[in-house]
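Whole structure, please, built from the sequences with the hints as guidance.
The residues making up each chain are set out below.
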Amino acid sequence: MMPAMNIKRIMAIANKEFIQIKRDPRSLGLAIVIPIVLLLIFGYGLSLDIDKVRTVVWNQDGSSQVSRDFLLNFENSKYFKIIGYTDNYRDIVRALNNGSSMLALVIPKDFSRYLRSGSKAPLQLLVDGSDSNTATIAMGYVKTVVTQYNVNLFASTLQQQGLGPPKKADLRSRVWYNPGLNSRWFIVPGVIAMIIMIIAALLTSICVAREWERGTMEQLVSTPVKAPELIIGKFIPYFVIGLIDLAIGVIMGRFLFGVPFEGSYLLLVILSMLFLTGALSQGIMISSIARTQLLASQLAILTTFIPTMLLSGFIYPIFNMPKAVQAATYLVPARYYLVILRGLFLKGNGMDVMWDEAVFLIIFAVLMFGLAIRKFKKKVA
Amino acid sequence: MSVIKSVNLTRKFGSLTAVNGLNLDIPEGEIFGLVGPDGAGKTTTMRLLTGILEPTGGEAWVYNKHVVKEAEPLKENIAYMSQRFGLYEDLTVLENINFYADIYCVSGKQRSDKIEQLLGFSGLIPFKKRLAGKLSGGMKQKLGLACALIHTPKVLFLDEPTNGVDPVSRRDFWKILYDLLKEKVTILYSTSYLDEAERCRRVGLIHKGSLLNCDTPDNIKSQYNTKTLEQAFIKIINEYESGHK
Chain P
1 MMPAMNIKRI MAIANKEFIQ IKRDPRSLGL AIVIPIVLLL IFGYGLSLDI DKVRTVVWNQ
61 DGSSQVSRDF LLNFENSKYF KIIGYTDNYR DIVRALNNGS SMLALVIPKD FSRYLRSGSK
121 APLQLLVDGS DSNTATIAMG YVKTVVTQYN VNLFASTLQQ QGLGPPKKAD LRSRVWYNPG
181 LNSRWFIVPG VIAMIIMIIA ALLTSICVAR EWERGTMEQL VSTPVKAPEL IIGKFIPYFV
241 IGLIDLAIGV IMGRFLFGVP FEGSYLLLVI LSMLFLTGAL SQGIMISSIA RTQLLASQLA
301 ILTTFIPTML LSGFIYPIFN MPKAVQAATY LVPARYYLVI LRGLFLKGNG MDVMWDEAVF
361 LIIFAVLMFG LAIRKFKKKV A
Chain U
1001 MSVIKSVNLT RKFGSLTAVN GLNLDIPEGE IFGLVGPDGA GKTTTMRLLT GILEPTGGEA
1061 WVYNKHVVKE AEPLKENIAY MSQRFGLYED LTVLENINFY ADIYCVSGKQ RSDKIEQLLG
1121 FSGLIPFKKR LAGKLSGGMK QKLGLACALI HTPKVLFLDE PTNGVDPVSR RDFWKILYDL
1181 LKEKVTILYS TSYLDEAERC RRVGLIHKGS LLNCDTPDNI KSQYNTKTLE QAFIKIINEY
1241 ESGHK
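So the sequences go chain by chain: P and U. Numbered by the numbering used here, the letters in the first sequence go through residues 1 to 381 in order. Numbered by the numbering used here, the letters in the second sequence go through residues 1001 to 1245 in order.
Don't read these hints as lab results, they were simulated from the structure. A couple of the hints might just be wrong.
Said to hold, decoys possible - Computed footprint of chain P on chain U, listed as stretches where at least three residues anywhere in the stretch have a Cβ under 8 Å from a Cβ of chain P:
# : segment
1 : 1014–1025
2 : 1046–1053
3 : 1084–1091
C-beta: ideal position from N, C-alpha, C; glycine also.
Set out below in structure tokens:
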């Protein structure tokens, strides 16, 4: 049963926390500067777009117009950046070894002759596979270029023989929500979720433990202040900071990174408050259990930063994970918040498609808040 | 009427017995000195009686409230000053006092009168806007007492409040305590200074968790035929140690 609460006491605690945060520039810096830095690092630094794949070329058939026309397809593509031409394998090996190239394309000297004679013309592609993901994508680009080249070749051959253009299926893709397939649009909402989770849990994780460490809690628990009053009072200032961080994230996302915001700001604030309530409560619960700042902050990082980074779908798609790990992602609240944020930013989703996520966030908030209050004991041992 | 009463109050931490079968009976308006060496169990006793630590055995009541079953109502009537400075060093003197006034829901004219009175007798008026962490040791303790008295408690628990406080501040501190006793406030005062113990109405000598003796300072001295409390206590502890060999 929750005892009747006294607003005056709650506000006294909130006010005290505000004063303490104000007088501790480090915690204020943590709350405002860290989100900006994270947004800059992730926004500019983490690009999942793979283009301008560095390529070195050895055209052994350099005298032929055919091979040079073929290479034009690479030179004119934004997906490749030809860093140089060579005439030996030593340079190729060096370029792949020192990382100046990811791909090496070798055109054999009989390339044009084979094509003219109607037989298959071999091409050699050497790939630095140490980053397997990027290598797979880069190989895909090469395949696409070669396939297109073959199709064009086929069509012109038919035409030369007086036959019409070949029959073919014509796929026309239209990309919705992120027409430029700009990975920054995908990342920025994720960074916002991560920032709120980390800042909320990290700042609050020390706010109770600090009082135990400094001895001020022993004084406070000897007063009639009730556990929910104390927890809610501590909660308020960090709630405000969390909303400020949300605003920083949205403003930077929109105006610095050009991410569109299609949804409703009202929904954004309401759903973010739910997420924030859960994250803050989790921090306070950790703080109540740990009782030392060091342990509390480590627990907070372990239980918020790492799952949010790896298991929320922030960078790594959940559907690619092994089944057991996929199951674990259901326990990561950022997973739901992330879907909501991306939905609001890019798709302009309304509640009709976000109810499931909202329900999970409500469960998370209520559960964590309840736990935070239950786990706080007005006893020194 | 007994204000602090404990029956067989015991607290164990694992195999260590910090407080062992403590029986106290302290009437209203008395200042009772809890004396003993470091680690004797004074702080644990204070924590048990203020409801912030649960006993592993026995029972206790403070101002007719059971320390376990009625721990929260109990806290309305008491004030506790922990051994370690328990106020916020990054808040000013006045902010600390206002904070505790809010926590105890002291409001209106009663509040402003009380704050004025507390700042006055503690000599903290010139330091109102100073951060608590920047006060001297004696000033800090007086601020602690001021915050503890904001709600006019009936029972005061002071855990070694004058440790490391200069003699002048200590004398000021005791002056405040004597005034409180006139208003029938009951005080449990723990100390390892025997000159302070002499000032208490009765003292209890606690050693290794057990209360070895409990009487007025004069009675203890005459009982053991010594000039000072210190000599009497040494005799009592030696007696206890030889009986436990």
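Taking the hints in turn, this is what the structure says about them:
no., hint, in the structure
1, 1014–1025, "violated (count 0)"
2, 1046–1053, "holds (count 5)"
3, 1084–1091, "holds (count 8)"
Checked against the numbered hints listed earlier, the structure breaks hint 1 alone; every other hint is satisfied.
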